[in-house]
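Asker: For reference, the chains in residue letters:
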Amino acid sequence: MTKKQKNLLARVIIAGILMAVLAVLPLENYPVLRFLLFLVPYLTVGYDILRKAFKGILNRQVFDEHFLMGVATIGAMALGEYTEGVAVMWFYQIGELFQSYAVGKSRRNISELMDIRPDYANLLAEDGSTERVDPDDVEVGSTIVVNPGEKIPIDGVVTFGSSTLNTAALTGESLPRDVKAGDEVISGCVNMSGLLRIETTREFDESTASKILDLVENAGSRKSRSEQFITKFAKVYTPAVCYAALALAVIPPVVRLIIGLAPNFPDWIYRALTFLVISCPCAIVVSIPLSFFGGIGGASANGILIKGSNFMETLSEVAVAAFDKTGTITKGNFAVTGVHHAVMENEKLLELAALAESHSSHPISRSILAAYGKEPDAARVSGVREISGAGVVATVDGHEVAAGNLRLMNEVGVTAEECHSTGTIVHVAVDGTYAGHIVIADEIKKNAADAVRALKAAGVRKTVMLTGDKESVASAVAEQVGIDEFRAELLPADKVAAVEKLIEGCSGKDKVAFVGDGINDAPVLARADIGIAMGALGSDAAIEAADVVLMDDDPKKIAKAIRIAKKCIRIVYENIYFAIGVKLACLVLGALGIANMWLAIFADVGVMVLCVLNAVRCLSVRSL
Amino acid sequence: MKKTYKIDVDCANCANKMEEATKKTAGVKDASVNFMALKMKVEFEDGADVDAVMQEVVKNCKVVEDDCEIFL
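Residue numbers (my numbering), protein chains in the order written: chain E, 9 to 632; chain F, 48 to 119.
Note that these hints are calculated values from the structure, not bench results. Errors might be hidden in some of the hints.
BS3-like, lysine-lysine: derived pairs with alpha carbons at most 25 Å apart [as the list claims (entries may be wrong)]:
1. F:Lys71 with E:Lys219
2. F:Lys70 with F:Lys109
3. F:Lys70 with E:Lys12
If you want the ones that stay clear, here's a sample from chain F, every Cβ over 10 Å from chain E, calculated [said to hold, decoys possible]:
4. Gln102
5. Glu103
6. Val105
7. Val110
8. Glu112
9. Asp113
Yeah, the Cβ is synthetic: ideal placement off N, Cα and C, and Gly gets one too.
Throw the hints in and build the complete structure from the sequences for me.
Answerer: Printed below as a string of structure tokens:
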């Protein structure tokens, strides 16, 4: 508890004891003394509220909760209802205390869950000694030492040592990763076994851990529709209830006077005061950001970063899930499985293709380079032209080499041999004649089929695979994984169009999610109602482009993200309906004179406590 | 230009009021107060004097919620 909270707690306890004592003292015959005695617990527990209410009036900010509480309790005291007057203030403060404690506790829970913020870095000096410094002060290119058990504070490259890293804090799964000299490492991982020396490649602020924390902390700034609704609601609701209270205190007695009945002012004023107590909006207003904060925090502890409350809302409404194939459903670790119809030695064909593709970062190019096995000599390659969605044309050793799919072969005017193997076929033409093709196959992820089933179970009606790959490969993968539809041979721009079509086909609130690896599909991620990037550990592009980022590449996390969002949104709506429902019901009962001050206290503080407790449930998402 | 400030405020509704007040301040293009993270993100108009604008923002926030703090 903070100092402020302890102080308030002490005041609540003292006032509570005083109240209990006063309740049993026989003071009925001493009205003035009784009033003065009740004033003691009243002021003990509520003096700051009265002060704030007064300041609010001076600042022309009349309708805030302090004013409501001030007027309601002073009114109750004036009517001689001392116990009620003190009790309203007392319960209100208990509610405040509870709320502030719950919010503080969630804040701490989240920061514990997101325990990736490094506190220090061991900077290596030239004489070999290390100095513990603030990670903010480490310049790019410095060497830092990470001992076993310590967190890697800054992204960098290992220069010395080998070890196993625990990425659990980033991905939610404790899958150990082995690293050795030359490997890139990212901040936030815990060094488990050996001492590592790391040359930093980024500043602390630009490092993965800082970026992720920043993202999670700022997620609440993108407000959801329900939050915007509540803000607007609170703005209208409080003044409206205040005016209604005023009307209730004045109009019925006046009307009664006119028609010749006893006005019964105290009774109507009492009803009006219960109105004021009920009207305090804090219960709803606090529970909603608390729910989103808990949901977003709980998700990030599981390696799912949701970049805003608004995305949480969209995610809960996903009806159609479109996937990129490579890196999402398949591992994307293409391997060359064969070289067919080569007019030269297979190795020679591979060498030409590898050199032509040596500048490309596409997974297919990487796998050809991997099969080539040697470092490509950049001097032998010139005039590289990448043809998006088709392949590469380059000059290698003075020969024009075209490597790519059938479309590229048509473009360079070469008739290609059809291939009957499943996989991606890279056709190669040298100087305008066909030279053979390379077969590259990709593995389907182990739990891809489970992931698709889980999505269905989570309420996704249709799954669609969008791929630049051939029809035959796409249909084989789709069938194996259980995806409903697929669109094959798409260029990157076609994928955007395909997603647009899916969005058009959706009715009402249904939303289209696109899941990709975030490397080549940034425009599609941006165009979909919600873009989900997978396997983003260490990929800035993916973290930038997507609305939801899955830190590892487990496709089952997509369904998990949707389930978390659904739970969070359900809780948000439960709270909205419950709080507004109870308040409106109590307002009606209060106006009719059925609800007394005690019920009003429940409608205010009780509802708030229940809403906050409900909201805190958002945080527990591990078992979803 | 955008800047983020740490804030301190006790209730969620007060945070919303601070957001409103900040948005209405001259020189502020947009603002968002995140109650749970206790952070305020302010987007300034082009060419606005950030320090001067923030002084105004603090003043305006104090008016709507006396018990708030913005750490400049």
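Asker: If a hint holds in the structure, say so; if it does not, say that too.
Answerer: Verification of the supplied hints:
| no. | hint | in the structure |
| --- | --- | --- |
| 1 | F:Lys71 with E:Lys219 | violated, 30 Å |
| 2 | F:Lys70 with F:Lys109 | holds, 14 Å |
| 3 | F:Lys70 with E:Lys12 | violated, 29 Å |
| 4 | Gln102 | holds, 17 Å |
| 5 | Glu103 | holds, 15 Å |
| 6 | Val105 | holds, 14 Å |
| 7 | Val110 | violated, 5 Å |
| 8 | Glu112 | violated, 8 Å |
| 9 | Asp113 | violated, 5 Å |
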